[in-house]
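Take each chain as given, in its own frame, and dock them per the hints.
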Amino acid sequence: MNATRVSAAAVVVLASIATAVAASEPPAGAASCSGCHPANTGVQSPVPPLAGKNAAEIVAQMQAFRAGQRPATVMGRIAKGFSDAEVQAIAAWYAQQH
Amino acid sequence: MTGQRTNRRMFVTSAAALATSAALLPRPAIAQSAPRVVVVGGGFAGASAARAFRRIDPRIAVTLVEANQTFTACPFSNGVIAGLRDLTAQQFDYDKVAADGIALAITTANAIEPATRMVSLGNGQRLSYDRLVLAPGIDIRWDALPGYTEAAAEQMPHAWKAGAQTLLLRRQLEAMEDGGVVVIAAPANPFRCPPGPYERASLIAHYLKTKKPRSKLIVLDAKDAFSKQRLFQNAWAELYPGLIEWVSLSQGGKVTAVEVASKTLITDFAKHKADVANVIPPQKAARIAEIAGVADRTGWCPIDPVTFESKLQPNIHVLGDATIAGGMPKSAFAANAQAKVCAAAVAELLRGETPAEPKLINTCYSLVAPDYGINVAGVYRPLNGVLTEVEGSGGVSAVDAPRATRALEASFANGWFKTITNEVFG
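Protein sequence lines correspond, in order, to chains A and B.
Take 1 as the starting number for the first sequence in my numbering and just add one per residue.
Take 1 as the starting number for the second sequence in my numbering and just add one per residue.
Here chain B stands alone, though its shape is the one from the complex (with noise of 0.2 Å):
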């Protein structure tokens, strides 16, 4: 018995001492001659990314796995919400990216060994790297909100991923009757796209007042302040009076459960009975993020700020909303500018250099109606450890600004859809 146990130790230590070895052995010349990189997920961050890599050096083989033959972006999804623009608008395919030389796997990543560098894909496939890219964007939190189940979802869409839940709360918006009333429901922070439920509000409002103006919205916040906030409360009083409703956390905003069958959003003080309810619930990174190790106990992934290697699995490098960012945003802008460092600091350390300290910008447009356009922006270094933004730098539009400055944000901000998407998948 006792003589059993020890051949089995024996057995296991001398096939970790076979590993160490094994990984300790140089190195095939041709892993150093052509660098394996995959990216997982190909949205604003994955997509930059791969390309990133392509350009910056031919050499690195890069995969991209992304379970969708088409994108759907969510920046200006709220138009299509709106009636303002089609869903057709926000999609992408990725021919232009396998056309720069990136092998596409349009399947899942179902698991991560970050130990032996391989992703096991839905296809059956495996795939080694030598660093990975981790580009999932987020999950919702299907048990943090009582009552809200993927079934429910389907009555009281969260259109925070763009697609069929975009479609289905356009389509309850255009069935319901003029005097209705529409709720939104904001998360606590953090959560992709920090303004987008109040973009949100002001888009569905400029709809109620153009065509069912006895409507009314009321957006319940498990917050007391918000994105741009004297922006869009400025421009709902001036645009909208009277039409929306902002209930912050502290006036008892903060929505505990929900009633699918009634269409009920439940609060510590109220019930508030809705014709149309958009429930953004609490968000997580996306789940390969949870099965590679690399989200901590927040849901979310911690990156070094340099090279955005996660802080807690070696070789695999975490972008985008998935990410525990510092002082910057869960926005697509800011995806984009973290791959092209991301993809630059992982190339440098392929070729065994030394990263220098990155600079990003984040700029994030919100329409509050078709010519009325708001941005916040900023300027971000690592900080002791930490992406800070630069001080003296950043914030938001002029809280004074004429109605043509209004007009010129949104032409940038429809200059910026077009550019950044060229950019990523044109």
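This is chain A alone, in the form it adopts within the complex (with noise of 0.2 Å):
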């Protein structure tokens, strides 16, 4: 009885952190944007956060840079350095994020 409570709790545990650590990994790039782009709401910036945003939303705005369509003052020089399926990945990634 109490061995069973006790692997139950454990394999509860080790899900937990199987999914921190799967969730924690951030796909090639991603892990730069917060350099610029607060993960933190608290922080006074002009510059918007990603966490939580619509992927398609990152997707549309990050070819709008790359294209010269949308006036950048840095974000079209990095936009470039993307391919689109990196770009989806990282907007993926940052639409889970909260």
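These are computed hints drawn from the structure, not numbers from a lab.
Any given hint might turn out to be false.
With a cut-off of at most 20 Å between alpha-carbon atoms, the simulated SDA-like pairs for lysine to any residue come out as follows [to be verified]:
| hint | chain 1 | residue 1 | chain 2 | residue 2 |
| --- | --- | --- | --- | --- |
| 1 | B | K96 | A | T41 |
| 2 | A | K80 | B | E357 |
| 3 | B | K418 | A | A51 |
| 4 | A | K80 | B | G392 |
| 5 | A | K80 | B | A398 |
| 6 | B | K209 | B | L239 |
| 7 | A | K80 | B | E391 |
| 8 | B | K96 | A | A39 |
Partial list, computed: chain A residues near chain B (C-beta under 10 Å) [claimed, not checked]:
| hint | residue |
| --- | --- |
| 9 | P26 |
| 10 | G29 |
| 11 | A30 |
| 12 | A31 |
| 13 | S32 |
| 14 | C33 |
| 15 | G35 |
| 16 | C36 |
| 17 | N40 |
| 18 | V74 |
| 19 | M75 |
Glycine residues also receive a C-beta, built at the ideal position from the N, C-alpha and C atoms.
In structure tokens:
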């Protein structure tokens, strides 16, 4: 009885660790973004946070930056360093953050 | 005699065999469930890495070794020199870092033994590690510029490590008479913060124009080109006409010696007597990198571009200004980006996995005036073992951008400082 409860608890703990590990691994390039895009909403910056944003919206903005269709100071030059697949992976990852 | 030598050799051999067999023994289970990472250096690279480890895998036991209770940030410290902000705006403590469950050791790292994976600390403690992250920053090369000693730096500050030196340079500028001559000596590549000397020249010029308009500023450079050069020089012509004179290497700008008593900077062609002299001398990876055996003959640390593991010592990863990071500059942004990639890679290595190829971004803002910002950015990936800028990406701010854009970039620069210091220390 006790042993069952302990192992059930262990399974829950292991599962939550696995989820935590998986959820915290950003795709290539994503870890750099939070140098400028605040992860903490308490930070006062004109640069918008990315966590929880709609993935399709991030992809559309990055494509517009890359194509020069959206005026930019720095994001045009950064967007040109990423492929469509990379942008989609980064966008999907940020959409899941909160 | 012969027998004695044989006995001694046999003893050495069997000791080595013992060590080898000990290394081959399975590691205790505890080491596998709670891997130990030691991070040396609590700047933008080290503190970022320590926090990233805890975020990525809370099972990793992280110790952060840092000599100072308070971190004083270099980015934006040119604003302190120019009287635009207080040094306290540059300073951060490690309370929030410790609150993440990171063990803090406020002391120096004095020795590293790669073979036994041990770090000896200034407080007598010895830490063993599965993986070591060295983020030690830079040291001044006191042997590189004749006359420029640690004592000389008290008269002719470098102010290239933020803190007392920053305030010293500020006080000297404040004490200088109107009409004085400020001389900045800029080093050859590579060095910490490539656009830094030119941002400093800009903001000192801003101070002089505002407070001491008859003064002059000379930059003596050991290079013929510098970061964001056209943007800086256009802005100098626009904002500070006739105030800043840049003397390139080919014009005889390289400072070859200094005379402290007369505050004179000597080149092959001239002697420049300064009222305020800011000597930014040649640099190298901080001394612990040399002690650990991760610095090469250049004084900097070659690394693997995927894991940031040293190319000279196994299980030691090197980050930030101390590294030879291919195209990536020695900047706080790069240090922070590298730290997050390295922590993820080390966590994977500790789990026995193979880290995927990363991509990293750098963005460096410079303020030419409080409301005039410019930047350089780049995206990097490993290519043939070197972090290489992705073709077609990166570059500097538009040369023909209007003043409104420069003002917007200045606000982005301020936002960047708040964001990155919050991520690293807040």
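Status of the A31 (chain A) interface restraint (C-beta, 10 Å, chain B):
Holds, about 4 Å.
Mind checking the alpha carbons of K209 (chain B) and L239 (chain B) for me, to see if they're no more than 20 Å apart?
Distance of about 9 Å is within 20 Å: holds.
Tell me if the straight-line CA distance from K418 (chain B) to A51 (chain A) falls inside 20 Å.
holds (17 Å)
Check the hint pairing K80 (chain A) with G392 (chain B) against an upper bound of 20 Å on the C-alpha distance.
holds (6 Å)
Would the pair K80 (chain A) and E357 (chain B) pass a check requiring their Cα atoms to be no farther apart than 20 Å?
holds (18 Å)
Should the interface hint for M75 (chain A) be scored as holding, given a Cβ-Cβ cut-off of 10 Å against chain B?
holds (9 Å)
Using the nearest Cβ pair, does C36 (chain A) come within less than 10 Å of chain B?
Where the cut-off is 10 Å and the nearest Cβ of chain B is about 5 Å from C36 (chain A), the hint holds.
Any CB of chain B closer than 10 Å to the CB of P26 (chain A)?
This hint holds: P26 (chain A) lies near chain B, its Cβ roughly 7 Å from the closest one there, short of 10 Å.
Holds or violated: K80 (chain A) with A398 (chain B), Cα cutoff 20 Å?
Since the Cα atoms of K80 (chain A) and A398 (chain B) sit roughly 15 Å apart, the hinted pair holds (cutoff 20 Å).
Are the Cα atoms of K96 (chain B) and T41 (chain A) separated by 20 Å or less?
holds (17 Å)
Under the criterion of a CB-CB separation shorter than 10 Å, is N40 (chain A) in contact with chain B as hinted?
Result: holds, 5 Å to nearest chain B Cβ.
Can the restraint linking K80 (chain A) and E391 (chain B) be considered satisfied, given a maximum Cα separation of 20 Å?
holds (9 Å)
Violated hints for the displayed structure: none, as all numbered hints are satisfied.
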